[in-house]
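Protein sequence lines correspond, in order, to chains G and L.
Counting from 1, position 247 in the first sequence corresponds to residue 247 in this note's numbering; the numbering is continuous, with no gaps.
Counting from 1, position 47 in the second sequence corresponds to residue 592 in this note's numbering; the numbering is continuous, with no gaps.
The hints are simulated quantities; they were obtained by calculation from the structure and are not laboratory data.
Hints are not guaranteed to be accurate.
Unchecked claim - Partial chain L-side listing against chain G, Cβ under 7 Å, derived: (1) L653; (2) D656; (3) R660; (4) S721; (5) P830; (6) R833; (7) F839; (8) P869; (9) K873; (10) Q1017; (11) I1020; (12) G1023; (13) N1025; (14) G1037.
In this text, a Cβ means the ideal position worked out from N, Cα and C, and glycines have one as well.
This is what each chain is made of:
Protein chains: 2
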Amino acid sequence: MTKSILFSLTLVFITIACFAQDYYGNNRKQWLQKAEQYKPKLIITEKKPLKVVDIVPDTQSFQKYKAVDVSPIDSLYSMPFRLKKEITIDFGEHLTGYFSFSVRSTGLAADGPLRFKLTFGEVPSEVAVSFDSYKEGLSRAWLQDEVVSVMYVPQTVTLPRRLAFRYIKIELLGSSPYYDFNIHDMKCMAQTSAKNIPEELPQAVDPMIRKIDRVGLNTLKECMQTVYEDGPKRDQRLWIGDLYLEALGNNYSYKQYDLTKRCLYLLAGLSDLNGYLLATVIENPVPRAQDKQFLYEYALLYNVTLKDYLEATGDMETVKDLWPVAKKQLDIVRTNVKANGLMDFEKVKKDWWVFFDWKEDLYKEVPLQGVSIFALKESYKLAQLLGKEKEVADLPALTNKMIKAARKNLYNRKTGLFVGTGDKQISYASQIWMILSGVTSKAEGKKALSALTTTQDVCYPGTPYMYHYYIQSLIDCGMNLEAKEALVNYWGGMIAKGADTFWEAYDPTNDFISPYDFYPINSYCHAWSCTPVYFIRKYPEIFQK
Amino acid sequence: MTKSILFSLTLVFITIACFAQDYYGNNRKQWLQKAEQYKPKLIITEKKPLKVVDIVPDTQSFQKYKAVDVSPIDSLYSMPFRLKKEITIDFGEHLTGYFSFSVRSTGLAADGPLRFKLTFGEVPSEVAVSFDSYKEGLSRAWLQDEVVSVMYVPQTVTLPRRLAFRYIKIELLGSSPYYDFNIHDMKCMAQTSAKNIPEELPQAVDPMIRKIDRVGLNTLKECMQTVYEDGPKRDQRLWIGDLYLEALGNNYSYKQYDLTKRCLYLLAGLSDLNGYLLATVIENPVPRAQDKQFLYEYALLYNVTLKDYLEATGDMETVKDLWPVAKKQLDIVRTNVKANGLMDFEKVKKDWWVFFDWKEDLYKEVPLQGVSIFALKESYKLAQLLGKEKEVADLPALTNKMIKAARKNLYNRKTGLFVGTGDKQISYASQIWMILSGVTSKAEGKKALSALTTTQDVCYPGTPYMYHYYIQSLIDCGMNLEAKEALVNYWGGMIAKGADTFWEAYDPTNDFISPYDFYPINSYCHAWSCTPVYFIRKYPEIFQK
Chain G
1 MTKSILFSLT
11 LVFITIACFA
21 QDYYGNNRKQ
31 WLQKAEQYKP
41 KLIITEKKPL
51 KVVDIVPDTQ
61 SFQKYKAVDV
71 SPIDSLYSMP
81 FRLKKEITID
91 FGEHLTGYFS
101 FSVRSTGLAA
111 DGPLRFKLTF
121 GEVPSEVAVS
131 FDSYKEGLSR
141 AWLQDEVVSV
151 MYVPQTVTLP
161 RRLAFRYIKI
171 ELLGSSPYYD
181 FNIHDMKCMA
191 QTSAKNIPEE
201 LPQAVDPMIR
211 KIDRVGLNTL
221 KECMQTVYED
231 GPKRDQRLWI
241 GDLYLEALGN
251 NYSYKQYDLT
261 KRCLYLLAGL
271 SDLNGYLLAT
281 VIENPVPRAQ
291 DKQFLYEYAL
301 LYNVTLKDYL
311 EATGDMETVK
321 DLWPVAKKQL
331 DIVRTNVKAN
341 GLMDFEKVKK
351 DWWVFFDWKE
361 DLYKEVPLQG
371 VSIFALKESY
381 KLAQLLGKEK
391 EVADLPALTN
401 KMIKAARKNL
411 YNRKTGLFVG
421 TGDKQISYAS
431 QIWMILSGVT
441 SKAEGKKALS
451 ALTTTQDVCY
461 PGTPYMYHYY
471 IQSLIDCGMN
481 LEAKEALVNY
491 WGGMIAKGAD
501 TFWEAYDPTN
511 DFISPYDFYP
521 INSYCHAWSC
531 TPVYFIRKYP
541 EIFQK
Chain L
546 MTKSILFSLT
556 LVFITIACFA
566 QDYYGNNRKQ
576 WLQKAEQYKP
586 KLIITEKKPL
596 KVVDIVPDTQ
606 SFQKYKAVDV
616 SPIDSLYSMP
626 FRLKKEITID
636 FGEHLTGYFS
646 FSVRSTGLAA
656 DGPLRFKLTF
666 GEVPSEVAVS
676 FDSYKEGLSR
686 AWLQDEVVSV
696 MYVPQTVTLP
706 RRLAFRYIKI
716 ELLGSSPYYD
726 FNIHDMKCMA
736 QTSAKNIPEE
746 LPQAVDPMIR
756 KIDRVGLNTL
766 KECMQTVYED
776 GPKRDQRLWI
786 GDLYLEALGN
796 NYSYKQYDLT
806 KRCLYLLAGL
816 SDLNGYLLAT
826 VIENPVPRAQ
836 DKQFLYEYAL
846 LYNVTLKDYL
856 EATGDMETVK
866 DLWPVAKKQL
876 DIVRTNVKAN
886 GLMDFEKVKK
896 DWWVFFDWKE
906 DLYKEVPLQG
916 VSIFALKESY
926 KLAQLLGKEK
936 EVADLPALTN
946 KMIKAARKNL
956 YNRKTGLFVG
966 TGDKQISYAS
976 QIWMILSGVT
986 SKAEGKKALS
996 ALTTTQDVCY
1006 PGTPYMYHYY
1016 IQSLIDCGMN
1026 LEAKEALVNY
1036 WGGMIAKGAD
1046 TFWEAYDPTN
1056 DFISPYDFYP
1066 INSYCHAWSC
1076 TPVYFIRKYP
1086 EIFQK
């Protein structure tokens, strides 16, 4: 970045600060300084590819492709490549970092440049299918194919882009007929800020649970960079929803609380001038929030994350410092709840992105009510821990009123299921959020969750993000066996399909599900799917027996 | 390049040196050191694009495309680019160097990466036609299209590849729908080792001659890098044939004799173990000759270049140092001449690449005889200048014998034209080399050259390289008017078609001529076409009147 741009950005910021009122005033600067102060050092590890593979069509495999071993990697290093033209290599694990390779002539002087296309895949299909058909919803530049000109040989080439991958397809697009060459010394300088070694699960634990835990730890580790990223391939940045679940996982594994602290400060420092949190922060080249990205429940989940952080660390100083932010987010509920205690769904939808899940047909009125109650309750607990309950003295009454409203307006006593006032869709999300918010009793929750499995046309979860809340709701209702079974079936299902890290989107019945209508752009190492780590370690009596 | 590769190369070299006899022994090391010592410093100049252009189809224009002005460059810098998607810019002149550009958001935080394709063209057609159809003869990687991922915004991107271009087409291949951006601050850090300012031609000189001279100087300047390159786009390296003509041009313009000296030393230092010169040298990552690239007349033209260098500089020390190389090259003629004084064309063809021109159908027996005699004569002159004629005492008799053999076997007295013994093709090349070698009298030469213009099925020159020798032969025969007319028609013809620098291949009747069956891979700034600079300035009485 040029100095002039930095200077312009600074000017814009100063201008805004001068003419608009900034809710947090001088706190903001100090919060950003603290975020910088707690920025973790990355651990760099040199990783080498293990073998040459073929990615072959296979109807039985995930997304209809599988990797088949061809030969050890050394076979490539001595192979004249000019007529070979294409090869795929396998690092044997998911990596996030900088890839480099070397080229050398097999004998004759290299008289002309080489041109390669390198395609990086977290899963086999990514290096097999064409990216050409992607109609941009997200930037096509997230897809990890790079074209490289190597203007002289021998040379070592390091791609300037940080990549997330296990497989690399190397295609030769240009070469001189006057010499042949080897590709050799391929490596990835892999990076993560996860430096602690999580405690091992006891040997006696079910092997599948151990596998799920291992893949969950890998997922979290790969997403732990200088922030908790949502995914190291895409979007490579901090989202509050991912932060919430990553911090949960971290609390029970790596226990690197400074990273959570950094993220909490970063989000606070980059909140909008009215004091509301933006859902996502981009770190490079200078940290800033994504404008206009107000995501309703993510702003509220910040408070829950802060409370969890306090419980895990006892760091009163930080949490008191950030308490004004949590307190302000409560206004999101206060200003959007109707007199009858129901959230004003139509109004919220106008001002906020209401997410909950990548599930286009999900009707979100009930989850909105649920997450709002959940956030108020957790925020009140936070206030109590800080001795600040007087500052939010309206919360208990407000919470009760909203619970009553939910029970009165959203609960079908006959079916035992919660449905909206505007749409009678029966969804997992609705039941889950009514349970997590304590609108239901344990028994009612159990009934609702059980009913889901025998009801037709249910809207089921589309992502591990929603599935996390499903597992939690099962546990909250005392459905421990079902919780374990669901966790093993869902996350174990990804492992059975070859996952090295857990995915952004997973539907056991559809390998090609994609929030972006193009499954190769999905993130296959996605933070919000790491939470088996949390469940397995928080509830050993359920998952380790 | 890694140290281990450098070490391996050194080992190979030492091994060869230990087990094979090296004709030049210890001289080689010292020659390479001197080549390094005279490596010129590059002059770097920041250049900015002038305007936005459209490259539009136009049947009247060179290669059926022309650049049409659209707007000043500033209009681009303030233009939101996301929906614009494609633009072409014009630097207004041919440049060789490193291109960079910056991107910045138009306002909203940039939340995703950008992907661009940048295509660099020396001529308009290069940025208009697709490169996909190129069937590799040379490396496709020479074609100057680069795909660039810009992982965060704002950012300044510098392409790692040195490029040669006037036009750049920028295509947006990927962007996020959540922000727009500007491209701005485009520049090229242009480089050349030409630092001297050649003398201006008098104002009274014919404007077309002045234009040709200016474009010739630009061509030479762009090719003057750390060696005399053949072309800064392709092959970016030193060939003896190009060196010969560039040094001629340099002697009458930039007068940077150290560059000639460096190239002479480099070629000597990298000659093969038997003492024969290889035709071409690649500088990076470590200087080395292209193996097996023995080009008959290029090896001999080294001697002529050395003689010209001595005449231009009086640098006896260098030329005496390199005299063993020139002396050894004479064996190429001695070992390939038959008892009757004719070159053994069939034998030479087996061991050497006989080039003369990019002209597939050219029959090369007569030019081979001619260039051999020419080289012997020039080498003898060199020996005389050094006082070494006793070391090559056989040359005068050998030369005479070969001239007589040519007149006896290759001359058709009736037509006044030279033709081969194996093929009766009438070519410019045959007449030209018989004249340059002094096989003909002036009158005979004039008759031959004149006859060419009225004879059917003549093989005419395919490149400015051959055309250089044509102009010289016209001058040598006293056909001054014809020389001027030919120079103006041929090189002026390129200017009329829009040339900023002179081209590798030019046929006034065919814009699509290509030695590689794909005209976009032609070099459009090619050293061997710079020699109008030499003619105009060496022969002011012909060209400046």
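Starting from the hint list further up, note which numbers the structure goes against and sort them upward. 7, 8, 9, 10, 11, 12, 13 and 14
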